[in-house]
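Colleague: Spelled out, the chains give:
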Amino acid sequence: MISNHLTIHQAHQLLKAKQLSSVELTKAMLERIHQVEPKVHALVTITDELALKQAEQADKLIASGDANPLTGIPMVIKDVICTKGVRTTCSSKMLENFVPPYDATVVEKLNNRGVVVIGKANMDEFAMGSSTENSAFFPTHNPWDLSRVPGGSSGGSAAAVAVGEVIYALGSDTGGSIRQPAGFCSVTGLKPTYGRVSRYGLVAFASSLDQIGPLTQDVTDSALVLNAIAGYDNRDSTSVPYPTPDYTQCLTTDLNGLRLGVPKEYFVEGMQAEVKTAMQVAINKLEELGARVDWEVSLPHTPYALAVYYIIAPSEASANLARYDGVKYGFSYQDTDSMWEALEKTRQYGFGAEVKRRIMLGTYALSAGYYDAYYLKAQKVRTLIRREFDQAFEKFDALVTPTSPTVPFKIGEKVDDPMQMYLSDVCTLPINIAGLPAISIPAGFADGLPIGMQIIGKPFSEETLLKISYAYQQATDWHKRRPRI
Amino acid sequence: MKLTREDVLHIARLARLGLTESELEKFREQLSNILENFEILQRVDTADIPPTAQSITLQSVVREDEVAASLPQSQVLANAPQKDRDYFRVRAVLE
Numbered sequence: 009m010i011s012n013h014l015t016i017h018q019a020h021q022l023l024k025a026k027q028l029s030s031v032e033l034t035k036a037m038l039e040r041i042h043q044v045e046p047k048v049h050a051l052v053t054i055t056d057e058l059a060l061k062q063a064e065q066a067d068k069l070i071a072s073g074d075a076n077p078l079t080g081i082p083m084v085i086k087d088v089i090c091t092k093g094v095r096t097t098c099s100s101k102m103l104e105n106f107v108p109p110y111d112a113t114v115v116e117k118l119n120n121r122g123v124v125v126i127g128k129a130n131m132d133e134f135a136m137g138s139s140t141e142n143s144a145f146f147p148t149h150n151p152w153d154l155s156r157v158p159g160g161s162s163g164g165s166a167a168a169v170a171v172g173e174v175i176y177a178l179g180s181d182t183g184g185s186i187r188q189p190a191g192f193c194s195v196t197g198l199k200p201t202y203g204r205v206s207r208y209g210l211v212a213f214a215s216s217l218d219q220i221g222p223l224t225q226d227v228t229d230s231a232l233v234l235n236a237i238a239g240y241d242n243r244d245s246t247s248v249p250y251p252t253p254d255y256t257q258c259l260t261t262d263l264n265g266l267r268l269g270v271p272k273e274y275f276v277e278g279m280q281a282e283v284k285t286a287m288q289v290a291i292n293k294l295e296e297l298g299a300r301v302d303w304e305v306s307l308p309h310t311p312y313a314l315a316v317y318y319i320i321a322p323s324e325a326s327a328n329l330a331r332y333d334g335v336k337y338g339f340s341y342q343d344t345d346s347m348w349e350a351l352e353k354t355r356q357y358g359f360g361a362e363v364k365r366r367i368m369l370g371t372y373a374l375s376a377g378y379y380d381a382y383y384l385k386a387q388k389v390r391t392l393i394r395r396e397f398d399q400a401f402e403k404f405d406a407l408v409t410p411t412s413p414t415v416p417f418k419i420g421e422k423v424d425d426p427m428q429m430y431l432s433d434v435c436t437l438p439i440n441i442a443g444l445p446a447i448s449i450p451a452g453f454a455d456g457l458p459i460g461m462q463i464i465g466k467p468f469s470e471e472t473l474l475k476i477s478y479a480y481q482q483a484t485d486w487h488k489r490r491p492r493i
Numbered sequence: 040m041k042l043t044r045e046d047v048l049h050i051a052r053l054a055r056l057g058l059t060e061s062e063l064e065k066f067r068e069q070l071s072n073i074l075e076n077f078e079i080l081q082r083v084d085t086a087d088i089p090p091t092a093q094s095i096t097l098q099s100v101v102r103e104d105e106v107a108a109s110l111p112q113s114q115v116l117a118n119a120p121q122k123d124r125d126y127f128r129v130r131a132v133l134e
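Chains E and Z supply the protein sequences, listed in that same order.
Residues are numbered in our numbering as their position in the first sequence, beginning at 1, plus a constant of 8.
Residues are numbered in our numbering as their position in the second sequence, beginning at 1, plus a constant of 39.
Read the hints as simulated data drawn from the structure, not as lab findings.
Incorrect hints may appear among the rest.
Estimated spans, in silico, between C-beta atoms of each pair [what the hints assert, rightly or not]:
hint, chain 1, residue 1, chain 2, residue 2, range
1, Z, Leu48, E, Asp345, 49 to 59 Å
2, E, Asp74, Z, Arg82, 54 to 64 Å
3, E, Asp424, Z, Glu103, 22 to 32 Å
4, Z, Glu64, E, Asp345, 53 to 63 Å
The calculated lysine-lysine pairs, modelled on DSS-like cross-linking and capped at a C-alpha distance of 30 Å, are [as the list claims (entries may be wrong)]:
hint, chain 1, residue 1, chain 2, residue 2
5, Z, Lys65, E, Lys68
6, Z, Lys41, E, Lys422
7, E, Lys47, E, Lys92
8, Z, Lys122, E, Lys336
9, E, Lys26, E, Lys117
10, E, Lys101, E, Lys24
11, E, Lys101, E, Lys418
12, E, Lys336, E, Lys403
13, Z, Lys41, E, Lys24
14, Z, Lys65, E, Lys422
15, E, Lys336, E, Lys92
16, E, Lys336, E, Lys418
17, E, Lys272, E, Lys284
18, E, Lys284, E, Lys422
19, E, Lys24, E, Lys47
20, E, Lys92, Z, Lys122
21, E, Lys101, E, Lys68
22, Z, Lys122, E, Lys418
23, E, Lys101, E, Lys336
24, E, Lys466, E, Lys488
25, E, Lys466, E, Lys418
Since the structure is predicted, the reported quantities are computational estimates derived from the model, not experimental observations.
Glycine included, every Cβ here is placed at the ideal spot set by N, Cα and C.
Please construct the entire structure, taking both the sequences and the accompanying hints into account.
Modeller: Here's what the structure looks like:
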């Protein structure tokens, strides 16, 4: 009886010792998927046959002694990342039948390590959303309470890991889309520094904000996946040519001398009391582990981050989504001879409401007469937000905040009020604006619903984030709890 | 910022998004509400503050002008909604 919750490092030991084969492990995961998918709906596409073929290949690699920690281990990829020959939908009708002719760089890197891709994970359409309710196909349900959202936009990825359908997943994060669902599903979610992981093959939402990252069961696994996906890629001109360290080398439990700051603006009005308490307990634990904590840090421009994000991201999205015109791929409205009508109806029927809202917001913010007041203004405030972080990082090694002001909300609760939905990302948005790395780790529960703690670092300080998170996870066991499905 | 119906139609036209009458009204209301929330940015003093477009310091990233393999045409056309021999088929652009 294979545990549904083996970590990468645990599974790797078993595979290396030949106590388990990749084929057996993959079959067990597929069985689990068929058992829980009717309740959770985390996956858009399940690639059983392909996965088993990959598992057979992996077993050969393992037998020949050429295995690395990710070989033969089943995972899913958020459906916003191109997988050659496997449909990639972005959970949108626009790309419902789109089959990419190439693999994203991160997919190539993982394939070179002999991973087993079991499927593509559900998401908010084109990564726009905080609950996975904007998927054009179906919402994903939070495994901790099926009537609640898993968070978004990487809700499928987070739920699949939380419920044991896969050992880890890839997600993407533009305004919190890895961290917030990680917090809501009680898994570990890392958004690397902007430029750390190649965006080649990541369907673009907001090009100056998007990053790919891992959702895993613990921090050691995050380090293992980051090792595999990070690094310079000449096909992404925003990819930084810095060497990639071995991220597993920083995993120690001694936080002595580490200076942590708690920015008070992240403890927003309207924040759930239990989340606030859980944060206080968690940060006290970090102090116990040796860190020095300053509870009175202030980042005064934090309240402006929401407006900055919801001007910049939609503006970039309006440009990135202009390519969906029904000509070269994707949904294409045919019932007309007029080019303009074909274009307008393709986009009318191909895109969902939130996508349209954001395209329009962005178009407006960039349009003549409004560009200075909105887009340019937002870019300037963005500078101020980034400078504030830079100043804070002169005094602190990392900042600690809640991942979200509340526990996961009910499905349907916020769909009718876009602003309410946007507010659930207030703690995560500023990080993308500044291009910083951040991780969300499980830090407690309120009435059985997950609470996440976010740790933010200066650029390219993933090692610091991993170290702090590792120490915390050795001293607590929130991350070992499992939903009862 | 309260948007009028004409404002929304104008934006939709720029973005080449078809909208039904009820979508037009719903978006008009929602976008107006969202934009109102952005008015707080006007309170921020940004005199002499340069805009940030990118978080990284890379500039003018170029590559050598070397010929390398591209996607084969068959793959490029594989997802085409309408194709004709080696071409994507489109509607008339000019009358």
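Colleague: If a hint holds in the structure, say so; if it does not, say that too.
Modeller: Hint-by-hint comparison with the structure:
no. : hint                            : verdict
1   : Z/Leu48 / E/Asp345: 49 to 59 Å  : violated (23 Å)
2   : E/Asp74 / Z/Arg82: 54 to 64 Å   : holds (60 Å)
3   : E/Asp424 / Z/Glu103: 22 to 32 Å : violated (53 Å)
4   : Z/Glu64 / E/Asp345: 53 to 63 Å  : violated (29 Å)
5   : Z/Lys65 / E/Lys68               : violated (57 Å)
6   : Z/Lys41 / E/Lys422              : holds (22 Å)
7   : E/Lys47 / E/Lys92               : holds (29 Å)
8   : Z/Lys122 / E/Lys336             : holds (9 Å)
9   : E/Lys26 / E/Lys117              : holds (24 Å)
10  : E/Lys101 / E/Lys24              : violated (42 Å)
11  : E/Lys101 / E/Lys418             : holds (25 Å)
12  : E/Lys336 / E/Lys403             : violated (51 Å)
13  : Z/Lys41 / E/Lys24               : violated (63 Å)
14  : Z/Lys65 / E/Lys422              : holds (16 Å)
15  : E/Lys336 / E/Lys92              : holds (17 Å)
16  : E/Lys336 / E/Lys418             : violated (39 Å)
17  : E/Lys272 / E/Lys284             : holds (11 Å)
18  : E/Lys284 / E/Lys422             : holds (22 Å)
19  : E/Lys24 / E/Lys47               : violated (34 Å)
20  : E/Lys92 / Z/Lys122              : holds (21 Å)
21  : E/Lys101 / E/Lys68              : violated (39 Å)
22  : Z/Lys122 / E/Lys418             : violated (45 Å)
23  : E/Lys101 / E/Lys336             : holds (15 Å)
24  : E/Lys466 / E/Lys488             : holds (28 Å)
25  : E/Lys466 / E/Lys418             : violated (34 Å)
The structure shown violates the earlier hints numbered 1, 3, 4, 5, 10, 12, 13, 16, 19, 21, 22, 25.
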